[in-house]
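A.B. asks: Here is how the chains run, residue by residue.
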Amino acid sequence: MAKELDRQRVRMLVSDVMASYAKEKFILPHEQCPLPDRDVIIDLSKKLRQLLFPGYFNRNACRGEIMEYHIGELSVNIHEVLTEQLVFALSLQAHLENEGKNLCKSTDINKKASDISYRFLEKIPEIRAYLSSDVEAAYLGDPAASGKDEIIFSYPGILAISIHRLAHELHLLKVPLIPRILSEYAHSVSGIDIHPGAVIGKHFFIDHGTGVVIGETTIIGNNVKIYQGVTLGALSTRGGQALSGVKRHPTIEDNVTIYSGSSILGGETIIGKGSIIGSNAFITKSVEPGTKVSIKIPELVYKGNSTKEKE
Amino acid sequence: MAKELDRQRVRMLVSDVMASYAKEKFILPHEQCPLPDRDVIIDLSKKLRQLLFPGYFNRNACRGEIMEYHIGELSVNIHEVLTEQLVFALSLQAHLENEGKNLCKSTDINKKASDISYRFLEKIPEIRAYLSSDVEAAYLGDPAASGKDEIIFSYPGILAISIHRLAHELHLLKVPLIPRILSEYAHSVSGIDIHPGAVIGKHFFIDHGTGVVIGETTIIGNNVKIYQGVTLGALSTRGGQALSGVKRHPTIEDNVTIYSGSSILGGETIIGKGSIIGSNAFITKSVEPGTKVSIKIPELVYKGNSTKEKE
Amino acid sequence: MAKELDRQRVRMLVSDVMASYAKEKFILPHEQCPLPDRDVIIDLSKKLRQLLFPGYFNRNACRGEIMEYHIGELSVNIHEVLTEQLVFALSLQAHLENEGKNLCKSTDINKKASDISYRFLEKIPEIRAYLSSDVEAAYLGDPAASGKDEIIFSYPGILAISIHRLAHELHLLKVPLIPRILSEYAHSVSGIDIHPGAVIGKHFFIDHGTGVVIGETTIIGNNVKIYQGVTLGALSTRGGQALSGVKRHPTIEDNVTIYSGSSILGGETIIGKGSIIGSNAFITKSVEPGTKVSIKIPELVYKGNSTKEKE
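Residue numbers (our numbering), protein chains in the order written: chain V, 13 to 323; chain F, 13 to 323; chain Z, 13 to 323.
Looking at chain V on its own, in the form it has when it is part of the complex:
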């Protein structure tokens, strides 16, 4: 079908596309060393999930007697793959900061990448301690949860916080590009959008989760529970790049619950310890500790006999 090419048309097409590559300045082709590979990074997040939750996402890990060998092999593999992606990300960064000098063969970058990769993996036990508390929070907080296995296997909130805790460590290690690729992968899969920069305490639970947004400079304490559609955001981003690095997102103290659809905005907004924020609140000022905030529910207007109008 359509086997014969219209050579003239193909040649024209390729030449027009090539001309476009030379022209559109925000999407110029990269010509230096390879960029990080999004697919490889997503695959890496799956291997990391095997390391975090042994037995759940790979069968081999559930045999106690060979577990140590399995974990050894998995860790070495993750280190190798991550190191390579770090080399690409760091080389690109060096390239951008050094006016185009191609640095991707640099021994320094290789060494730095390998070291970051180790330091990241050395955080796994600490990340697991946090995730154990998160799974407990989900179990205690959700009457529909049948047990911890169901939570680990299927809760989008657990997937999102697992990947966030990994991405956040890479963010702290000042890794470019890779943390955001991880967090946007989690966003895509879970509907929960957590910037890698957000600082989140133990025993954190997001229920349902679709539509949650947690901005870059958000700080969340321990034992916080959040429902679907909650935004922890900026008051205004009209400053654009001039606001880069400024604390624009709120601070949520320990033991706070925020019900669905609420927005809490602004870098100086603090929700005090133990507060409960009802559904659909729009908050741009700090709330004292121990406060229960709700909105006056929008008045409902009832009209009878709608059936007549129904198709």
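Since the hints were derived computationally from the structure, they do not count as laboratory data.
Some clues are possibly wrong.
Any copy, or any two copies together, can satisfy a pair, since identical chains are not distinguished.
To be verified - Simulated pairs of lysine-lysine, DSS-like, Cα-Cα distance not exceeding 30 angstroms:
1) LYS315 with LYS285
2) LYS186 with LYS160
3) LYS135 with LYS315
4) LYS297 with LYS315
5) LYS259 with LYS160
6) LYS214 with LYS123
7) LYS160 with LYS214
8) LYS297 with LYS308
As the structure is a computational prediction, the values presented were derived from the model and not from experiment.
Once you have looked at the hints, place chains F and Z on chain V.
C.D. replies: Okay, now just chains F and Z, sitting in the frame of chain V:
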């Protein structure tokens, strides 16, 4: 690159991870028989979709003269794969209920799994009758739908209800873990979060769908239409596990339409037949049949000449 | 495990499923030529992304000296695969319009498909010009963006608008089925639901994005910025198929910003140039150019000492 391992560092890392495995009690490794495999279960949902909508998701099924052989082979394959996953899920359940006795070779469990698998597959014709009515509802209800093929191929609402109707049958057969893995897969792909326990009548249509939440004990009648961002939820889940099994979510009677962003909460809340719920309503009490409910639209404040402030 | 089949039960099952295939009229099996293949079309969207953003999603393209060969090969491959899918889609359309006459071997359809496929690919340079402006808009508009690479790699808004701009061209070429399969794939991955019919100007940025809905007959000018949870929708779809083709969705003029959670509804609603729509507004009437619209923030009710009530 980074070919030589730092053996000392790897050894330390593995030993720290192993220590973490022994410690974090909510994410201990499983050491008994294999757990259900999430990837296999998701793949199974794709085969089931081929069985439900022949020709749409596999080419072979569209040749009438060989259809019966194709369906025979597909059914036998689904039965085998599902039976194996059921054995894993039921063994885990038995293990948890029997203080750790490893039961995964038990003949009883194999037989029970095979029988559940048959009983599930025997529901396919009934599920198809419901899904046919759902596709009809989408076609009649959406002016943007060009035809039933477009709906079956691409509507997230149809994907979500297809997988829900499968997961719900497994839920009725008291299968652990697998129904929720299926429903959270659908949630991930469609943004629509329906707990496998929800009871949903014929001719059901969810338009757009992102952010919809339908809780475990929701009951929905026939001919109901729901828009994006609608929550059919619980009033409060602060009771946690103590509320397990209690009716916490609303009942929606026949011919009800619920517009985008509305929340209907509480196990005793009933939305009567033929009612129409406008956008962004927040309802915690029952509504009489035939009622049109809307909110007073939040008053808009207009200021001219915003262009001056615009960057 | 469960190796022996219960032949009687399998035979019954297959016969019941076959009976269901003959019965449920909205999900009858297709028996004519193959339907378009959703997986192939999604894979095609990934190849198109390689063509749009060379180097980001495939390593080969980043070597300048072989780029032209790479692009030539990629273009020819896309043309071939797309042409085949177009043949399936156009044949099905012809079949539906011609009372079942099987037209899938028709030379006319093959020629038409190949031509549409070329005309589509010839739009790539123009699409790239738009996408370059979209990436610029994201960079200027988001203080959390570290650079254009991060945006291209990971922003869901860029994925959604990239696929929309492709799907919209196919929509303009009157291609059935394929545009909507593409746009619902983007919806699934990004949480952003843009109908292929929507007309969207340059320099368009959707931040966060989950829950955004942009309806079929929406018209959006240049330099518009939209946040998560915004609906550009219809006032009512109770007319169903009778409303097909009618302008039901709003017009958004140049330089408008619409903050999170707002709904703008109706085919006659025009948001004038340079207006700013605050969060959670519900707008069904036109807004003059240069207007800043906000809602009276729902009054908050504070109660102290909620800690006592906290579990």
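A.B. asks: None of the hints should be skipped; say for each whether it holds.
C.D. replies: The hints, checked one at a time:
1. LYS315 with LYS285: Between copies only: 14 angstroms across, 42 angstroms inside.
2. LYS186 with LYS160: between (33 angstroms within a copy, 18 angstroms between copies)
3. LYS135 with LYS315: neither (59 angstroms within a copy, 41 angstroms between copies)
4. LYS297 with LYS315: between (37 angstroms within a copy, 16 angstroms between copies)
5. LYS259 with LYS160: between (36 angstroms within a copy, 22 angstroms between copies)
6. LYS214 with LYS123: neither (33 angstroms within a copy, 43 angstroms between copies)
7. LYS160 with LYS214: within (17 angstroms within a copy, 33 angstroms between copies)
8. LYS297 with LYS308: both (17 angstroms within a copy, 15 angstroms between copies)
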